[in-house]
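Participant: For reference, the chains in residue letters:
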Amino acid sequence: MFETTSMGPLLLSIRLATTTTLVLLIIATPLAWWLAHTTSRWKPGIQATVALPIVLPPTVIGFYLLIVLGPYGTIGRWWVEVTGDALTFSFTGLVIASCIYSLPFAVQPLQVAFQSLDRRDVEAARTLGASPLDAFFSVAAPLSAHGFLNAIVLSFAHTLGEFGVVLMVGGNIPGETRVISIAIYDHVESLDYAAAHQMSALLLAFAFVVLLSMFVINRRLSRR
Amino acid sequence: MVFRRHRSPNLILAAVLLLPVLAASQERVTVAVASNFARTATEIAARFTARTGHQTHIIAASTGKLYAQIINGAPYDVLLAADAERPRLLEEAGLGVAGTRFAYAFGTLVLWSRDPAVATVGCREQLLHLGKKHLAIANPETAPYGVAAREFLLDAGLWEQVRPRLVLGENILQTLQFVASGNASLGLIAQSQTGIPALPSPTCEWVVPTRTYSPLEQQAILLQRAADKKAASAFLNYLRGPAGREQIAGHGYLLPD
Chain A
1 MFETTSMGPL
11 LLSIRLATTT
21 TLVLLIIATP
31 LAWWLAHTTS
41 RWKPGIQATV
51 ALPIVLPPTV
61 IGFYLLIVLG
71 PYGTIGRWWV
81 EVTGDALTFS
91 FTGLVIASCI
101 YSLPFAVQPL
111 QVAFQSLDRR
121 DVEAARTLGA
131 SPLDAFFSVA
141 APLSAHGFLN
151 AIVLSFAHTL
161 GEFGVVLMVG
171 GNIPGETRVI
181 SIAIYDHVES
191 LDYAAAHQMS
201 ALLLAFAFVV
211 LLSMFVINRR
221 LSRR
Chain B
1 MVFRRHRSPN
11 LILAAVLLLP
21 VLAASQERVT
31 VAVASNFART
41 ATEIAARFTA
51 RTGHQTHIIA
61 ASTGKLYAQI
71 INGAPYDVLL
81 AADAERPRLL
91 EEAGLGVAGT
101 RFAYAFGTLV
111 LWSRDPAVAT
121 VGCREQLLHL
131 GKKHLAIANP
141 ETAPYGVAAR
151 EFLLDAGLWE
161 QVRPRLVLGE
171 NILQTLQFVA
181 SGNASLGLIA
191 QSQTGIPALP
201 SPTCEWVVPT
211 RTYSPLEQQA
221 ILLQRAADKK
231 AASAFLNYLR
241 GPAGREQIAG
251 HGYLLPD
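If you read the sequences in order, they're chains A and B.
First residue of the first sequence: 1, per our numbering; consecutive thereafter.
First residue of the second sequence: 1, per our numbering; consecutive thereafter.
Only chain B is shown next, with the shape it has when bound in the complex (with noise of 0.2 Å):
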């Protein structure tokens, strides 16, 4: 096979010689965020891309693996945890930089189902009534998500009940998938989960009260590799800062003060 050239060498010239001055100027920023934030974080370096032509990165994982992958010395400049507790651990570690943690969003906890025959009576109704039905939570041992769910059933008396008919996501994200696509009827997922595009209309939604659950706060960090990183540090302002706010708010998210 022949490959023809139809660039004009000129053109890559240019290209060539103009891409170190534009790496020096825009940086890439590399972030590494927890399953249930993607879609939230990807919207949001969109406009912090657009307005301050730094690129980004995002790679999204469950925060257990991608805190197993940072000690490990994966190259991520900036983390969105799921908890406060890795971010917490990181700094202590030396790996995140000292002072510049904080809480970008809280978590919440829907009860969603797209079974038929739950919508007559209610999501809050059909967990009482589970009978052979599953419901899907994400797994407490690994995922916050998880622990939120089990300590609203605690909460609710609903524990013990409930616990044979429980299906175990591995993280939020296939807890979703299990109800999405019918194998478990109910699903205790994150609210900011209810907006994706492609997600069947739901038979019912019900809002967990916060006060049955510990916060779920998630923190951020600055990885220690981005330091001295600029475009590191004004992404995570940007995040922070009042465009980053409405951002989070409107996918679901409760905000820190």
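Chain A with its partners taken away, still in its complex shape (with noise of 0.2 Å):
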């Protein structure tokens, strides 16, 4: 009755990761940026909430989001006022799940390259005159190339694999929230072991694909 092709939710979990990692990558680029140079005493605190998606299970981290999310939480009843329609259950949702539960994934890479760039380099930018957003775009970002593809790869990848708090907050629904770790936990759950079979061997074969194409990419970038 519902959806039965490996393509629809494969494609729904590269959909969800693309869009994950692309706002991961606004958000996380000024807050690793901070963290690389602040010598605030906040610094220990933001980095320790931005790590515990890492030590946090899924069902804790799903658990919070259905209940802040929801329509008689804080974010999702004022949602709900807005849009008129639920943030759990939603593609939106997901994407917003997916951005905490990431979030380590793409702070951490960009904030270790931050922090190894020479800082000579972007004060040599700034004294020829280029404002600090032109300094970090035209030096700082050029030189920490590899950090943004780790942060991009990991981040991709991290969302990709999800699938406890999808499972807690996306609840099934073909085309929408039913990505692909989904759909195998459902074929096994029935004993459809072959459309397991088949949507397992096709997500194992993109993770290899991507995950090669980093590490490929990372060497000619450390050989430049």
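Don't read these hints as lab results, they were simulated from the structure.
Do not rely on the hints blindly, as some may be mistaken.
Unchecked claim - Pair ranges (Cβ atoms, derived):
#1 Ile196/B / Arg15/A: 35 to 43 Å
#2 Pro75/B / Trp42/A: 48 to 56 Å
#3 Thr49/B / Leu191/A: 32 to 40 Å
#4 Tyr64/A / Arg240/B: 54 to 62 Å
#5 Leu211/A / Gly122/B: 15 to 23 Å
#6 Phe206/A / Arg240/B: 48 to 56 Å
#7 His129/B / Thr92/A: 22 to 30 Å
#8 Thr59/A / Gly241/B: 34 to 42 Å
#9 Arg240/B / Thr18/A: 53 to 61 Å
#10 Pro197/B / Thr59/A: 20 to 28 Å
Quick reminder that beta carbons are idealized off the backbone N, C-alpha and C, glycines included.
Each chain sits in its own coordinate frame; assemble them with the hints.
Facilitator: In structure tokens, the structure reads:
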């Protein structure tokens, strides 16, 4: 009755991972830059908060999100008032969940890259009259290319492999929240091992290609 | 850190010596139970233990998951499934003891809501005008209650209409959680769940007519590893006996004849 082809859930997973990665780049870049250079006494607290999703089981994140994003939650209620639709069980809700879940995987590689920058390069650009933003995009960002690459691939891959959080806040809606990991789980549960094999193999091959490309590009970058 | 010894050595010695004696007369039954029946099974097991002295150990999960665990060698004595198919498959595969299979309960569906907006309209009416509200059902691909929910919706001619607003719980417990947390406005849940103490008070509750869906027959079976375990057979006999039946009916299930 529901969509049974393998491609639908895989494409949805890719769409979710791509959207999440783009949003994360916008959020994580300034955050990582700040973390790399600040001497604020809040730094350890912020760092610990950012790293939380690595430690917490997806059920904890999913549970809190279900409450906060639900129609009786603070954010969820506001969302319903503005858009008329619930945030849980929606693609937008999954993007928010994934951004929280994958945040450390975007911030940490960027922070490491920014920390290893030679400050004099950026300062030289500034003394030559570049605005801070200009100096960042024309000097700091290219020098941190491998940091960006790692952040992109890790956020993408981590979101692609997401399961627990989606299981809790997704609601298993075809084309909206039924991502490939959920679809595989359903097939295993209903003893349809053939479909589970097909989807798993597809995901395995795709994940390998993504990671392989990262390592190939990384090697080229480090040789430069 | 230093631990001080408080307990008397004699007491521990007595306990150690008594342990094998106790174990011989009072066995421990491991009961694998479908999630919808877990609460009922826990209560039945408590009375069974009080009456017979046999300890019980309840493992709750979806029938599909328990089935997969059993065919992979999980150490369960008894399976209380949410359907009739999985016990039959186990019997055919020789993993369940032939002839021990019986229906212990029939589940019933309830349309339930805690959404204040539904209070004046009523559950059944609201189903016709879902708008942007969600209807939670168990996944028909994996859960028997999901199959029943789909059959009812097809019977009512509402399936195509509500489909875009459906959210699927992995099992009937998650379905309840979706609607009890208010994330879904309406839900088709098991009647046995409406008695859960922590549940918020409903704004409407409508028992789905049983003629609109195939009977939710729940079967039990004695598993092969417990073929000679007296306590396991005793548990199944207690379940189908008058005391067990009374408890099952008290939890919102229909009884087999």
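Participant: Taking each numbered hint in turn, which are not upheld by the structure, reported in ascending numerical order?
Facilitator: 4, 5
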